[in-house]
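Student: Produce the complete structure using the sequences and hints provided.
For reference, the chains in residue letters:
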Amino acid sequence: MGPSSGRSPDDGAAEPLALVARVGNALRLATVDALAVGQGLVAGMTLADARARCPTLVTRPADPVADALALDRVLEAMRRFTPMVALDAPDGVILDIMGCAHLFGGAQALAQQARALAGYSSRHGFGPNAMAARALARHGERGNDVAALPVAALELDDGALAALRRAGLRTIGDLARRPMGMIAARFGEQAVTRLRQILGEAPSPIAPRRPSAPIRAEARFPEPIARTEDVMDVIEDLLDQAARQMEARKLGGRRFVIRLLRSDGARQGLAIETGQPVRDSAAVLRLLRERIDTMADPLDPGFGFDAVLLAVPRVEPLVERQQAMEGEAARAGEANIVALIDRLGIRLGPDNVRRLQPCDRHIPEGAQTFVPATQAQPQSWPAAPDRAPRPLLLFNPPQPVAVIAGVPDGPPQRFRWRDRLHEVRLAEGPERIAAEWWRRRDGHQPGGAGRTRDYYRIEDGDGRRYWMFRHGLFGEETEICWYLHGLFA
Amino acid sequence: MAGNGPISGARPAAPEAQAPCPALEQGHLHEIHSQTEDRAAALAFALTHGPLAGSGAIFALRTPRRQRLPTLFSGDGLALLGIQPGRLTIVETRTEVDMLRAGLEAARCPGVAAVLMESEGRFADYDLTASRRLVLAAEASGTCIILLRGDAEPRSSGAQTRWTIRSAPSVALEADAPGWPAIEAELLRCRGGPAGGRWRLTWDSEGGCFRDADGQAPLPGAVVPFSRLRTDAGDDGAEQRQVA
Numbered sequence: 000m001g002p003s004s005g006r007s008p009d010d011g012a013a014e015p016l017a018l019v020a021r022v023g024n025a026l027r028l029a030t031v032d033a034l035a036v037g038q039g040l041v042a043g044m045t046l047a048d049a050r051a052r053c054p055t056l057v058t059r060p061a062d063p064v065a066d067a068l069a070l071d072r073v074l075e076a077m078r079r080f081t082p083m084v085a086l087d088a089p090d091g092v093i094l095d096i097m098g099c100a101h102l103f104g105g106a107q108a109l110a111q112q113a114r115a116l117a118g119y120s121s122r123h124g125f126g127p128n129a130m131a132a133r134a135l136a137r138h139g140e141r142g143n144d145v146a147a148l149p150v151a152a153l154e155l156d157d158g159a160l161a162a163l164r165r166a167g168l169r170t171i172g173d174l175a176r177r178p179m180g181m182i183a184a185r186f187g188e189q190a191v192t193r194l195r196q197i198l199g200e201a202p203s204p205i206a207p208r209r210p211s212a213p214i215r216a217e218a219r220f221p222e223p224i225a226r227t228e229d230v231m232d233v234i235e236d237l238l239d240q241a242a243r244q245m246e247a248r249k250l251g252g253r254r255f256v257i258r259l260l261r262s263d264g265a266r267q268g269l270a271i272e273t274g275q276p277v278r279d280s281a282a283v284l285r286l287l288r289e290r291i292d293t294m295a296d297p298l299d300p301g302f303g304f305d306a307v308l309l310a311v312p313r314v315e316p317l318v319e320r321q322q323a324m325e326g327e328a329a330r331a332g333e334a335n336i337v338a339l340i341d342r343l344g345i346r347l348g349p350d351n352v353r354r355l356q357p358c359d360r361h362i363p364e365g366a367q368t369f370v371p372a373t374q375a376q377p378q379s380w381p382a383a384p385d386r387a388p389r390p391l392l393l394f395n396p397p398q399p400v401a402v403i404a405g406v407p408d409g410p411p412q413r414f415r416w417r418d419r420l421h422e423v424r425l426a427e428g429p430e431r432i433a434a435e436w437w438r439r440r441d442g443h444q445p446g447g448a449g450r451t452r453d454y455y456r457i458e459d460g461d462g463r464r465y466w467m468f469r470h471g472l473f474g475e476e477t478e479i480c481w482y483l484h485g486l487f488a
Numbered sequence: 000m001a002g003n004g005p006i007s008g009a010r011p012a013a014p015e016a017q018a019p020c021p022a023l024e025q026g027h028l029h030e031i032h033s034q035t036e037d038r039a040a041a042l043a044f045a046l047t048h049g050p051l052a053g054s055g056a057i058f059a060l061r062t063p064r065r066q067r068l069p070t071l072f073s074g075d076g077l078a079l080l081g082i083q084p085g086r087l088t089i090v091e092t093r094t095e096v097d098m099l100r101a102g103l104e105a106a107r108c109p110g111v112a113a114v115l116m117e118s119e120g121r122f123a124d125y126d127l128t129a130s131r132r133l134v135l136a137a138e139a140s141g142t143c144i145i146l147l148r149g150d151a152e153p154r155s156s157g158a159q160t161r162w163t164i165r166s167a168p169s170v171a172l173e174a175d176a177p178g179w180p181a182i183e184a185e186l187l188r189c190r191g192g193p194a195g196g197r198w199r200l201t202w203d204s205e206g207g208c209f210r211d212a213d214g215q216a217p218l219p220g221a222v223v224p225f226s227r228l229r230t231d232a233g234d235d236g237a238e239q240r241q242v243a
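Chains as they are written, first to last, in numbering that gives the first Met the number 0: chain A, 0 to 488; chain B, 0 to 243.
Just so you know, these hints were derived from the structure itself, not from any lab.
Think of the CB as a built atom: it goes at the ideal place given N, C-alpha and C, for glycine as much as any other residue.
Please note: incorrect hints may appear among the correct ones.
Cβ pair distances, simulated, as ranges [stated by the list, open to error]:
id, chain 1, residue 1, chain 2, residue 2, range
1, B, G120, A, G460, 47 to 55 Å
2, A, Q267, B, G120, 37 to 45 Å
3, B, A123, A, E217, 27 to 35 Å
4, A, E333, B, E185, 32 to 40 Å
5, B, R93, A, A13, 56 to 64 Å
6, B, R131, A, A67, 58 to 66 Å
7, B, R131, A, E333, 39 to 47 Å
8, B, S54, A, Q189, 28 to 36 Å
9, B, P69, A, E478, 19 to 27 Å
10, A, A20, B, Q66, 46 to 54 Å
11, A, D232, B, R93, 27 to 35 Å
Tutor: This is how it looks when you write it as structure tokens:
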């Protein structure tokens with residue numbers, strides 16, 4: 000199958016279409032459809048050029064990730080024809096239909112069905128091997144004549160291609176008549192390798208992508224079972240089976256889904272996720288029990304369950320670790336903590352079990368974030384040795400306070416907070432923290448950046464140390480507000 | 000050890016002869032009372048005055064809905080005290096019962112170095128039974144459980160020690176800048192030992208721990224050296240003020 004350009008049916012076929020991507024500083028066409036090719040547009044052209052040639056060109060931004068996903072879907076769909084399906088980078092699919100074409104009424108009929116199934120405009124080629132088929136699909140005009148293919152089908156770099164053309168060699172057939180030694184000497188070894196592959200003299204194997212079998216287990220009962228404990232026993236047994244499957248493939252589950260089929264046809268689902276890949280059935284069972292405990296509507300067996308199905312839709316590699324002699328206790332402790340975080344996350348919600356992570360911002364409340372503990376990366380806190388100390392607790396949001404300052408832009412002398420008057424005994428500052436103007440739309444305009452903060456470290460008469468800031472610069476604001484932002488030890 | 004000596008009834012007013020301030024021991028439940036404004040001081044005391052100062056996972060639990068003043072931990076502030084912020088797992092629960100349950104579970108989990116629970120106000124769910132459960136969990140796993148109680152009346156419990164922490168005036172640096180953190184710790188109760196001690200502790204930037212104000216033996220528990228408060232802070236402040 001050849002290059003396919005994504006075109007949804009509702010676009011209408013009247014206008015040429017191109018996908019546009021930014022390459023360096025210019026917008027260039029990434030992919031063009033057949034109509035655009037007819038207008039003389041090719042991929043790689045700048046958008047300005049293309050517009051000049053074809054004013055009616057419809058453009059969309061190129062999305063390589065979506066392209067890859069679409070190609071994956073096409074590849075999966077092709078599995079109904081043959082198990083030997085491989086990706087042909089960047090935008091093709093290779094099917095090995097040796098021995099299965101007759102099931103679909105011959106190679107041509109199979110190609111028709113495959114193109115209809117894929118749903119995109121596409122080109123196809125048949126060849127005795129993968130490289131020949133690729134060359135025919137991408138560079139062939141009509142028919143299966145390999146010798147008539149242009150030398151571009153070798154897909155060499157531009158220099159080698161230009162050299163071939165200069166030598167008057169236009170088709171594969173021309174090249175095939177020359178001695179291989181001469182070709183290798185003049186145009187590089189790769190030219191010979193590709194040529195021999197296209198001619199079928201050298202093997203060009205494909206690496207088919209095989210679907211990985213889903214990890215699942217199920218239990219069906221001749222008599223419905225109703226007791227929750229019995230159901231849990233069955234689930235434990237299923238988890239053991241799944242664990243054995245995962246162990247054989249060195250995998251661990253991140254998501255476990257249980258489906259309970261009731262005898263009256265109702266179905267109940269139960270799913271848990273873990274922060275780390277696991278295949279320890281006891282740990283998963285504990286999490287499941289936790290989930291059942293927190294469910295508003297616990298398992299209702301009705302007249303009993305007919306079957307219990309377990310699936311592990313999300314798996315990740317999990318290799319067996321060697322049990323080291325030393326540090327074993329510490330590692331066991333770590334595993335326990337991960338399990339504890341999973342348990343708490345299931346009971347309280349993962350957003351309520353969090354860790355602190357540093358952020359590269361200088362506004363104090365932005366310099367750190369709280370991320371769910373299951374996603375936190377272990378990293379050391381950045382040291383900032385040449386900065387004034389930061390408080391231990393931050394108010395969120397900062398608390399407004401009424402302040403009397405000695406001089407208008409000086410440190411506070413007295414402030415009222417929580418209905419108590421505090422006399423300031425010691426003060427240090429200001430530490431000026433400007434607003435992050437680059438995060439604002441009009442930040443570069445005067446006055447658009449937001450207010451500057453002047454932070455003071457102060458201590459009141461009782462020995463309590465506070466972090467306080469004046470919001471805005473004196474002289475720029477009509478009303479100066481003070482906020483308490485933190486408590487020092 | 001000096002801590003096992005008789006209660007200092009015979010020598011009432013001799014602070015220099017007083018035994019050093021005992022550390023918060025591992026495998027026990029400790030209660031720390033404070034006013035809301037002194038919460039940071041109490042937290043600093045809890046974090047640096049015992050097994051938390053070393054290494055290992057800390058579970059900090061709180062009930063944000065019950066707190067009148069919404070506060071966050073500051074990673075920079077923790078780092079200043081020599082506590083890597085990555086060691087902290089912050090657990091927030093809806094109700095105090097949930098917090099106690101989660102705290103109990105964390106305390107029972109081997110590998111957890113410390114469990115820190117913050118409450119404010121009455122904390123009705125923390126009764127003798129609940130405290131006894133925590134004590135048993137701490138004894139079984141060797142975890143240190145610290146209960147920070149803001150604006151609360153002391154209540155009878157199974158706690159090993161009960162403290163009141165207050166901020167104390169610091170020794171000013173140059174140009175009237177606030178100095179090293181200073182706190183006043185009062186030991187209200189100590190199971191199987193003398194109680195009623197009162198210490199003024201100042202932060203020792205060299206040792207990374209709080210010390211008795213009169214410069215006696217360093218307190219056990221903390222080893223991380225961390226000198227981050229600038230000693231020339233006063234100069235800077237003066238300069239800035241001249242510029243301003």
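Student: Now tell me if each hint is right for this structure.
Tutor: Going through the hints against the structure:
1. G120/B / G460/A: 47 to 55 Å: violated, 26 Å
2. Q267/A / G120/B: 37 to 45 Å: holds, 41 Å
3. A123/B / E217/A: 27 to 35 Å: With a Cβ separation near 48 Å, A123/B and E217/A fall outside 27 to 35 Å, so the hint is violated.
4. E333/A / E185/B: 32 to 40 Å: Since E333/A and E185/B have Cβ atoms about 38 Å apart, the given range 32 to 40 Å holds.
5. R93/B / A13/A: 56 to 64 Å: holds, 59 Å
6. R131/B / A67/A: 58 to 66 Å: holds, 60 Å
7. R131/B / E333/A: 39 to 47 Å: violated, 29 Å
8. S54/B / Q189/A: 28 to 36 Å: Violated, at about 56 Å.
9. P69/B / E478/A: 19 to 27 Å: With a Cβ separation near 25 Å, P69/B and E478/A satisfy 19 to 27 Å, so the hint holds.
10. A20/A / Q66/B: 46 to 54 Å: holds, 51 Å
11. D232/A / R93/B: 27 to 35 Å: holds, 33 Å
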